[in-house]
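Protein sequence lines correspond, in order, to chains A and B.
Residue numbers 1 to 214, in my numbering, belong to the letters of the first sequence in order.
Residue numbers 1 to 214, in my numbering, belong to the letters of the second sequence in order.
For the record, the hints were derived by calculation from the structure and aren't laboratory data.
Accuracy of the hints is not assured; some may be wrong.
Identical copies go unnamed one by one, so any copy, or any two together, can satisfy a pair.
Unchecked claim - Lysine-lysine pairs mimicking DSBU-like chemistry, simulated, CA-CA at most 35 Å apart:
{"id": "1", "residue 1": "K35", "residue 2": "K162"}
{"id": "2", "residue 1": "K167", "residue 2": "K35"}
{"id": "3", "residue 1": "K35", "residue 2": "K160"}
{"id": "4", "residue 1": "K24", "residue 2": "K162"}
{"id": "5", "residue 1": "K35", "residue 2": "K24"}
Protein chains: 2
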Amino acid sequence: MIFSSRLIEEAVEAFSRLPGIGRKTALRLVLHLLKEAPEETHRLADAIRRMRDEIRFCRICYNVSDAEVCSICGNPARRHDIICVVENIRDVMAIENTQQYAGVYHVLGGVISPLAGVGPEDLTIEPLVQRVATGQVQEVIMAISPTVEGDTTIFYISGKLKAYPVKLTTIARGIAFGGELEYADEMTLARSLTNRLPLEKYMLSSQADPSPDT
Amino acid sequence: MIFSSRLIEEAVEAFSRLPGIGRKTALRLVLHLLKEAPEETHRLADAIRRMRDEIRFCRICYNVSDAEVCSICGNPARRHDIICVVENIRDVMAIENTQQYAGVYHVLGGVISPLAGVGPEDLTIEPLVQRVATGQVQEVIMAISPTVEGDTTIFYISGKLKAYPVKLTTIARGIAFGGELEYADEMTLARSLTNRLPLEKYMLSSQADPSPDT
Ligand SMILES: [Zn+2]
Ligand SMILES: [Zn+2]
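Here chain A stands alone, though its shape is the one from the complex (with noise of 0.2 Å):
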């Protein structure tokens, strides 16, 4: 694409930089910007720089905040002993919109891959533990993408938690194995919160299902 005009050019640059976003749609975009009151420009640009300038990340469930404890982790009217485990904060927000979780969180950062890299430590299980660990816990939702690493970081959690008398669970497998939680539609991800298993039960189920091929 040829452009009279640098700064145009470099719109479109930053623009198409975004995940989704080829050179054409940029374009329209720069040019609805152009179209508009300045004023639309600046509030864009200064809503994004805000939001990653500031935000930050709760000291107790690792979601991200405006304040130091989040808007969940600081609401008297939630549940403060369960806890839900997830890997990121879209999966919180995912949960959120179902409208049927009253508990709280603990955001994992990720789950335990191997082969990206991704270990134990790399992850907020050790803080999850320590929460735990206080006594105030008693049900730890396991709301992972049935994956081969949600499973292994599953598992992996399960034994650093054994040693404490809390209920560990995993929401129904109302997600086909290998999907990911943060695609699934509102009412599947509600029913399977509702119908979570003990985590016993979910690991005899897990043992029964054909090992996946790769």
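Got chain A sorted already, so can you dock chain B with the ligands onto it with the hints?
Relative to the frame of chain A, chain B with the ligands by itself:
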């Protein structure tokens, strides 16, 4: 959608004001930026803000420009005696991408549309007449979308330029009547520029067309 962070909510809101970007896509973009280094976000925010604040319109042709005169009008290698009249800067980009045109441009800023409340005085028609009045212009090519409003605009401009010894042409009707010039493929656009018609021929062919129903 429920957000536990106002910072994220505001960034999602700002992104989703862009055309073709829904709230799900906006959230995906925001979460992508959160994963990348802060410099990526700064780069995007700065590029779009600078583009919007520093962009100017060429005082000769009204194309977007980084300086008082755009890089096309300022290029001595181009033919300054041929002016291609277009509706908007997207059309300039579309024609530049064909790499078949060596003249200069004139960006009208739209077409005459009584329904949309756009009259000739809202467009840069008077500055175009002044450019032609200098006597330096041999040919004015009307590269305007073949719609009812486009035709109205072409006829209005041709009336204004009748007094001057300048050749008036339109791009060939390679593009279907009612089609948007900016969405034409490069080949069609290049060919319709090469096969451009003297305006009298266009008017004749236009009258022979069955009138549109609406
Ligand atoms: Zn929190
Ligand atoms: Zn110019």
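Each hint, compared with the structure:
For the homomeric pair K35 and K162, the shortest alpha-carbon distance between copies (32 Å) is at most 35 Å, but the shortest distance inside one copy (60 Å) is not. Within a single copy, K167 and K35 get their C-alpha atoms only as close as 57 Å, which misses the 35 Å cut-off; across copies the closest is 32 Å, which meets it. Within a single copy, K35 and K160 get their C-alpha atoms only as close as 57 Å, which misses the 35 Å cut-off; across copies the closest is 28 Å, which meets it. When the C-alpha separation of K24 and K162 is checked against a cutoff of 35 Å, the pair qualifies neither within a copy, at 54 Å, nor between copies, at 38 Å.
Within a single copy, K35 and K24 get their C-alpha atoms as close as 17 Å, and across copies as close as 24 Å, so both meet the 35 Å cut-off.
The structure shown violates just one earlier hint, number 4.
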